Amino acid sequence: MSNFSFLEHMGIAKMGHIGDQLTTAIINFDPTTASEVDIATYKEKCDSIEHKIAESETAVATANTTMTNLQAKLDRACEAGKAMKAAINAATDNTVKTQLIEQANVVMTQIKQVGGSSLDGLTDGDLFDAKDDLARAQTTLTEWKNVHVQMIGQLKSAQGDLKHAQDDIARAQRDKERAQARARQEEADAGLRSGLGASGTSPALAAMQAKAAKLKEDARAATIHADAVHQTTHSDADSIIADVLAKGTPAPNVLDDLNKL
Amino acid sequence: MNFATLIAAMAKKKFMPTPQVPHPARTPAPLRASQGSALEIEIIPMILAKANGGLIGDVPTDHTVVAVGQFTLFDGAVRYYHIYLSGLNGGFLSIGMRGTAIIETRLYRLYTEVNPSDSEEWAFWLDSGEPAHDEYATGFGGIPVKVGTTPAREADGYIGMPVMNSLDADGSKPFNRSWGSGDKRIEPFTPIETVVDLAGDYTRLHHRMMHYTRPLTDKIAEHLLVSAVAEDSIYPSGVILWLGMDVDPGELKVFPATDTPAFP
Numbered sequence: 001m002s003n004f005s006f007l008e009h010m011g012i013a014k015m016g017h018i019g020d021q022l023t024t025a026i027i028n029f030d031p032t033t034a035s036e037v038d039i040a041t042y043k044e045k046c047d048s049i050e051h052k053i054a055e056s057e058t059a060v061a062t063a064n065t066t067m068t069n070l071q072a073k074l075d076r077a078c079e080a081g082k083a084m085k086a087a088i089n090a091a092t093d094n095t096v097k098t099q100l101i102e103q104a105n106v107v108m109t110q111i112k113q114v115g116g117s118s119l120d121g122l123t124d125g126d127l128f129d130a131k132d133d134l135a136r137a138q139t140t141l142t143e144w145k146n147v148h149v150q151m152i153g154q155l156k157s158a159q160g161d162l163k164h165a166q167d168d169i170a171r172a173q174r175d176k177e178r179a180q181a182r183a184r185q186e187e188a189d190a191g192l193r194s195g196l197g198a199s200g201t202s203p204a205l206a207a208m209q210a211k212a213a214k215l216k217e218d219a220r221a222a223t224i225h226a227d228a229v230h231q232t233t234h235s236d237a238d239s240i241i242a243d244v245l246a247k248g249t250p251a252p253n254v255l256d257d258l259n260k261l
Numbered sequence: 262m263n264f265a266t267l268i269a270a271m272a273k274k275k276f277m278p279t280p281q282v283p284h285p286a287r288t289p290a291p292l293r294a295s296q297g298s299a300l301e302i303e304i305i306p307m308i309l310a311k312a313n314g315g316l317i318g319d320v321p322t323d324h325t326v327v328a329v330g331q332f333t334l335f336d337g338a339v340r341y342y343h344i345y346l347s348g349l350n351g352g353f354l355s356i357g358m359r360g361t362a363i364i365e366t367r368l369y370r371l372y373t374e375v376n377p378s379d380s381e382e383w384a385f386w387l388d389s390g391e392p393a394h395d396e397y398a399t400g401f402g403g404i405p406v407k408v409g410t411t412p413a414r415e416a417d418g419y420i421g422m423p424v425m426n427s428l429d430a431d432g433s434k435p436f437n438r439s440w441g442s443g444d445k446r447i448e449p450f451t452p453i454e455t456v457v458d459l460a461g462d463y464t465r466l467h468h469r470m471m472h473y474t475r476p477l478t479d480k481i482a483e484h485l486l487v488s489a490v491a492e493d494s495i496y497p498s499g500v501i502l503w504l505g506m507d508v509d510p511g512e513l514k515v516f517p518a519t520d521t522p523a524f525p
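Order-wise, the sequence lines are chains A and B. So for the first sequence, my numbering puts the first residue at 1; every next one is plus one. So for the second sequence, my numbering puts the first residue at 262; every next one is plus one.
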């Protein structure tokens, strides 16, 4: 019998309408699609199963006590029966014997009531019934425990799925925000580029180029001024600059450099 | 009044309730064995005791509860209910409870009752010894003068000794003390038992009590309960011995009286 068929059986047989509701709720519960409300409701059902487990444990303890007491009673009655048998066999007086037989009948009635036709409680009698009750109570307890384990598993699974889904939503939200931020940045960058004209040269580069041109002009002016002073033979500015630069940075003496090593 | 007479007097009390004067409240008792309830004891414990050399003998099986006594022992850890039975004059079903659990169920019948007539006879049962003390004589001018020291004397009252024997007529069989420990005499326990009878009247029994047991087999034992009992007084009027046997609660059938209270 599967746990759910056990539940259906128990639901109908022992828990009435509430049991039916419980059974339906458990069977209809789908951990993969359960909402927070579904999970809370299912948790309540789990708690009610825990209550059933506690009840079943009490039933097992009671049935066990009953069985133990009956077994003890049967043992004592059997011992008394043996004592009666010995007393009857030993009695010589008929009156005494008759009295003993009457007592023995009372004892045998007790033994049969508790021990049944086999006198040991293995086929019928109060002890047999008590053993049966105990076995039933133990089975019921085991089934409730199995159902509970299964429900807890489903509950954890549902809680995990729900958490996973919530994490996915949060992650998607963060991705969206990041994408929006990127888009905003790109728009801003695009606006800046359009402000620089068609050449596409950056203002810094333009400034550096302008500065280099200024430096070149200053160098040329200085060269012209120098030529005027030293009467150089160069005819164009570029060769004059090259000459000046060459003179300004004399070729290093290799031996000096080697001496530095 | 001896104990059997006292309990017999309780049993004879009749109380006819009327609408104006309802029946007095019965004592809530385990197994619902309150005053007025009927009680049937199976013969199995009697057969077992007899077959194994018990002294208790035949005990009637059908009874009415004529009174219920209660007291606690062992610093209140165990509460005892004495269910006095019509078929056992002075005898009772003793139910010991620890919390809500029944820990023992025994049937006691009156074994013998002794009424000591003088201090020497009382000392036999209850002597509790004497500490060492100085002896004085009257000296010159009436001033007390120490003349010596009387040494301490050990208690030798029979109640509380490690072993108590059955009557000589029953072979003087030894029962070992089952309350308290050690191999020396201990002072008897002194519970006050409150007994309520069928008419709702109270009697307080001041006990100096001890319990003894002897094994009949590895599973069956016989008990000897002894007490110097004082009825509504601290001065005992007699020493009572009861013989007892264990009864399984399953061997008892109680038919509660109609207004028997539920037992908590």
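There could be a bad hint or two in this list.
Claimed, not checked - Straight line, CA to CA, 30 Å or less: simulated DSSO-like cross-link-like pairs of lysine-lysine:
no., chain 1, residue 1, chain 2, residue 2
1, B, K480, B, K274
2, A, K112, B, K311
3, A, K85, B, K480
No lab work stands behind these hints, which were simulated from the structure alone. Here the structure is a predicted model, which means the values were calculated and not measured.
Cross-check of the supplied hints:
1. B:K480 with B:K274: Violated, because 39 Å separates the two Cα atoms, which is more than 30 Å.
2. A:K112 with B:K311: holds, 22 Å
3. A:K85 with B:K480: holds, 20 Å
The structure is inconsistent with hint 1 alone, although it conforms to all the rest.
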